[in-house]
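Q: Starting from the structure of chain A, add chain B where the hints point.
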Amino acid sequence: MTAAASAQHAAGTRLLLVDTRSDEIAESESSAIPRLLDARDLLVVNDAATLPASLVGFTACGEQLEIRLLEGPYQETTRAVLLGRGDYHIKTELRDPPPVLAPGDTIAVGPVTLQICAVSRLSPRLVELRWPLDLAARFVLLYRAGRPVQYSYVEQPLALWDVQTTFAARPWAVEMPSAARPLTGALLLALATRGVEVATLTHAAGLSSSGDAALDAALPLPERYDIPPATVRRIESTRARGGRVVAVGTSVVRALEDSALRHGVVRAGEASAELILDQDTTPRVVSGLLTGIHAPGESHYKLLAAFTRSATLARAAALAEGHGYRMHEFGDAALFLPDLLASGASAPRAA
Amino acid sequence: MNWADDTTVLITGGSRGLGLALAHELGERGARLALVSPHAGRLSAAAEQLSARGVRALTIRADVGDKEAIHRIVGQAQAVLGPIDVLVHNASTLGPTPLRSLLDTDCEDVTRALEVNLVGPFRLTKALAAGMLVRGRGLIAHISSDAAVESYPDWGAYGLSKAALDHLSRQWAAELSNTPVRVLSIDPGEMDTDMHRDALPGADPSTLLAPQLVARRIVRILENTARYPSGARVLATHAAEEVES
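In order, the protein sequences belong to chains A and B.
According to my numbering, the first sequence is numbered sequentially starting from 1.
According to my numbering, the second sequence is numbered sequentially starting from 1001.
The shape of chain A in the complex, shown without the other chains (with noise of 0.2 Å):
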């Protein structure tokens, strides 16, 4: 672990709580989360493993340039964003733009050239890579020449185990499912000692910043998820014994409620997520959420207005700020959930 992300896990993860049925908030750390849940509960998270998605490339001129990987190269065409020189110590937005290149230009990674097979009309970032080799020597070619996405705020690089979750399994995310950070091994355990059941979905999560405004507000873009017939069942048995569906992240909230939308229920298997929540979606399954601190003005906040009255998320996003909490990545923390707060954690709860 780097200096950096290991003295802010030495600095524990504060949680916000906020009952979304009473719009009582509270402040509590991410350890008592299996207090605040019972055996009726189930907690979903994202077990997507975080790739090691931004790649040094030279055009055929040798101008350098950042490939950030938008998805996993598990097609032969990969959608990636083109960031110019400089590297992940200057903030995204302030990068230079990459050289202006065209369908059929090359991007030489290490001993392999990656052809562009198209560019967006969104933003000229945006393209799609062809990748001249089979699926699993795009990955040898990754984990060898990858590193992970890198933050600004982050002085040291972050090495690629910094930037996975306690549970990542198959590598779709190209940034770090963040809002798992508080779910360490112990945590995992307690919540097994307490009855509390996990499952699992593995969401393909995109980009966070583009350094590109048009491109920027376009985000997310539609995003690939998997849901096991497992999660289906403890779904179903969850809401039939009056339990809560907790997402751990807006991702597992973007797939169960777009899985929900397009077949009235949440149904197993794979499909592209496009729905974007916000105030006016009435989410169907999905109780509330553990999630990052957001702010107003980001689509994860607008995702939080799907759960909770406007007055409340701003009194929770200004006690949030007044109190310093940290919003980034490597952060703390908040809990939107109904029915957290009303009777006292450990009481009974109405089901």
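Think of the hints as simulated: they come from the structure by calculation, not from any bench.
These numbers were taken from a predicted model, which means no experiment stands behind them.
Glycine included, each C-beta is placed from N, C-alpha and C at the ideal position.
Be aware that a few hints might be false.
Claimed, not checked - Only some residues are given here: those of chain A computed to face chain B with a beta carbon under 10 Å: (1) Asp47; (2) Phe139; (3) Val140; (4) Pro157; (5) Leu160; (6) Leu183.
Said to hold, decoys possible - Output of the computed footprint for chain B on chain A, the stretches with three or more beta carbons under 8 Å from beta carbons of chain B: (7) 166–175; (8) 187–197.
A: For chain B alone, coordinates are given in the frame of chain A:
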């Protein structure tokens, strides 16, 4: 349904000896396989041998003793094969051969034996066990040795790393006792392998077990883990009667 049919297995040290024999046995039963070894030539030879018997395996060239390799190994494997259900810690190093007294063993060689035989397995399990926990299914098998229990002169670096590996197995089992993840340490017995020849060049091969036979015994154990308490140290010979009768 066959247990291996719906199972993804990662085997370290999978390019020869017991690891390759395990790949044959599990692959023929339908398991999805990832084999890890630092030796490119041996890996491609292993993949060819397996494919001649209709078994497909993903090969990953990496040294489990290298910290930087761990997330690359689990990432490549799970990108292509999906979540790992079974992790077989089979890779190990003897340290320098001919084997030698601790008095003549370089400190760096002890460190290296621990990196490959103990710390590597710890890191790989750490990267995979919580995923197994939340998916509700997982098995971690540590390939041990009688050198973990007996202190044979000249087997110092290897023996102490294997004793520690046995304890690592018990430690994981204790911490994961409330979960569906199961952990075993398996002593395969003395086998006719390159590694054994490196350690004891003069040994009579007719007194040694064929790795193929031991692999069948170990698969029997992996298929029937419910018979053993998690954290147990299992002798592969105990599964012998059932396999060979």
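Q: Hints numbered earlier in the text: which of these fail when held up against the supplied structure?
A: Number 4 - this is the single hint that the structure violates.
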